[in-house]
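Number of protein chains: 2
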Amino acid sequence: MTHPPSGNGREFFTTTTVGAALALLASPRTTPVERVPLADALGRTPAAPVTAAAALPGFARSTVDGFAVRAADTFGASEGLPAYLDVAGSVAMGRPAEVPVQPGAAVAVPTGGVLPDGADAVVMVEHTQVTMPGSVEVVRPAAPGDGTVRADEDVAAGAHIAPAGRPLRAQDLGMLAAAGVVEVSVHRRPRVGIVSTGDEVVPPETVRLTPGQVRDATAAALAGLVTGAGGEPVPLGIVGDDADALERVLRDALERCDVVVVSAGSSVGARDETAGVVARLGAPGILCHGLAVRPGKPTLLADCGGVPVIGLPGNPLSALVVFRLVGLPVVRRVGGTTVAPPEPTVRARLDRQVPSQTGRLDVVQARVTTSADGPVASPLFGASALLSVLTSADGWLVVPEEATGLPAGTAVDVTLYR
Amino acid sequence: MTHPPSGNGREFFTTTTVGAALALLASPRTTPVERVPLADALGRTPAAPVTAAAALPGFARSTVDGFAVRAADTFGASEGLPAYLDVAGSVAMGRPAEVPVQPGAAVAVPTGGVLPDGADAVVMVEHTQVTMPGSVEVVRPAAPGDGTVRADEDVAAGAHIAPAGRPLRAQDLGMLAAAGVVEVSVHRRPRVGIVSTGDEVVPPETVRLTPGQVRDATAAALAGLVTGAGGEPVPLGIVGDDADALERVLRDALERCDVVVVSAGSSVGARDETAGVVARLGAPGILCHGLAVRPGKPTLLADCGGVPVIGLPGNPLSALVVFRLVGLPVVRRVGGTTVAPPEPTVRARLDRQVPSQTGRLDVVQARVTTSADGPVASPLFGASALLSVLTSADGWLVVPEEATGLPAGTAVDVTLYR
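The listed protein sequences correspond, in order, to chains U and P. In case it helps, my numbering puts the first sequence at residues 1 to 418. In case it helps, my numbering puts the second sequence at residues 1 to 418.
Don't take every hint at face value.
Since the list gives no way to pick out one identical chain from another, each pair is judged satisfied if it fits inside one copy or across any two copies.
SDA-like cross-link-like pairs, simulated, lysine to any residue; straight-line CA separation at most 25 Å [what the hints assert, rightly or not]:
1) K297 x M124
2) K297 x E126
3) K297 x G145
4) K297 x E153
5) K297 x D394
6) K297 x V398
7) K297 x D146
8) K297 x R140
9) K297 x G276
No lab work stands behind these hints, which were simulated from the structure alone. All figures in this text were calculated on a predicted structure; none of them were measured in a lab.
When you get a sec, could you build the whole thing from the sequences and use the hints?
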């Protein structure tokens, strides 16, 4: 099916700001909860705070190699006048302390060993001398608590050890392991259906193209973005400019997926057709069509029976820019993530002017280099249809809605690709 | 086996700066190359630059919905005096252009359609009027090239579309797909053997601990860090304080892994024992033992027959801090990554003084909050043995070797955990 332009082919959108668009899908239905083993939990999002069943470390513990003592027995000790203590025994790593510390006595204890009953401090070995077998000279006084941690100093029983809504980081896995939590309840990864449309689009494995054909770049890149945001991409292939075929694919996608993304055909007609299909898929339907962002204006957001549907522009660069801006936040929220991981950014000076229009958010790709005066951002303009602009960029910056461009020399925050 | 402190139990290290330590393992043996499908290539590191077999898009293409014309035919056109052109046909999406553009004629073309022979510009539909069937009025002049991209404008044949040494990003996957590259040669993920040692250490699944026992927190957290850096963690379990058993496990690890990490026991004796075992594993052996960093001083770096071996301190917080600092760069290099992904950082003001010693790098965990004056970093001190310091931190900052602490109010760069 072709879409020759008609004389009244101008597009009319009710443009919505990016912020307002995100607010439209701020509280989507989240994915169900599943139990995963700790080894698979990196980056997964707990559905509820994880709590410690018992205190950690669970026993008063030495933090140094030394001698467990009663601190009072060491008061006033010095190099000139050491405190002499009887060595009553030693603590073995990983074992209960078998010998208590009586007044005037000490028990040898390694770093991490159990503090014996009766002791309230550990004198580090560097502050002791052994001159006679069976006794030790302490040459510096210890205060109660020195060289020890309390049984609940790391974690109290019942304390939260990982919050809900924040993807688990490496150290969180360590803490869960320490607390004996070897399975954790997390949101299932959101399944994100990815549909490409357009009679011109052919699969990436197509070896020879005929003039007019392009390989599907958008689906592979979207899959990468979805994976990076903790989602599971569900590739749903390419649909030609055929409304009935698209409707069948999207209805199937709504059954199987938590979010559906469709890159619309590039022409006005193809985009209108996509919107028409989405409008039939379920209530409440299209939430906005047309974003006040460049590139990315012909973006469509819909809620089809509780499943967010995102219609992206046909050209890959625009599709990827706007999916990063509005799609990834939706994917994260559907996956239960309320605290998104921080993005790398760098503050840099623009090396030339960036034009813009008031009322529209401009997303500008940039290279970042370093100069004697600090980081420099060089905007990459070029035709917006070119994927090479995106692959040669180090990051991107925005010109906010209220600005009429940014003069050269402006300090901007560039979000770096990783 | 226990390690009661001896009277001369002071540790003697030849401390090495972190920079010098990294230089010792700057050019390790990299992993072999394997072919992976595009769908599995996110974050994988190409072993050689990936090139495009043919130019992209491969045909001169319209970037607008409109009419392909000879620009000369539109010179001087205006609303008052339009250029009248015969519409000779239309281009279908994804198909070769069947009708050339003769002088005085136009061909309708959708966004992304093939530019017909004879045409050198596309007039967007908004700058045209159709008043009579079979002809079009052009109301604005077009310059040659307007509304088009050249056949090689995105990528020239033979051009590099992804560099060696940089993990593939989402947009790189899109570009590879566009170029028909559906399998890519990347370094195999580095296999990182993870061994925990210590008679006190028990598996995380241990339900009830006896006093003195701690669950292995380090291995789970290290596995997370390795995964995040593109490596494949190989869990090798827990070895008690038994030199022969440790040697067996490490010799096996050297056969199977590209990097081996061993968290040494906490006590001086256990650490010395680990170093003794590592020293026997292969030439050139131990490269440095003792880093000028806090926490993390008792770190050991070795090269055992071409396999980097990293000995970490026994306490989980110290082990994770130092592995992030010196272990992850080694894992990345072994995996062929020469351009590491950027880390998120934030410039923040210290809300209090951070003490330090000259000649030692201090790694300080911090919470980051925002104030009216911008981000504020609150250092978390607490006992260094506590994993909770790491789980409650938003990021970390360093006090460089040459500084004697940082006064309150200093602007610092906090690297944020993600």
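Verification of the supplied hints:
| no. | hint | verdict |
| --- | --- | --- |
| 1 | K297 x M124 | between (67 Å within a copy, 17 Å between copies) |
| 2 | K297 x E126 | between (69 Å within a copy, 17 Å between copies) |
| 3 | K297 x G145 | between (64 Å within a copy, 24 Å between copies) |
| 4 | K297 x E153 | between (54 Å within a copy, 23 Å between copies) |
| 5 | K297 x D394 | within (23 Å within a copy, 36 Å between copies) |
| 6 | K297 x V398 | within (15 Å within a copy, 43 Å between copies) |
| 7 | K297 x D146 | between (64 Å within a copy, 21 Å between copies) |
| 8 | K297 x R140 | between (73 Å within a copy, 24 Å between copies) |
| 9 | K297 x G276 | within (17 Å within a copy, 65 Å between copies) |
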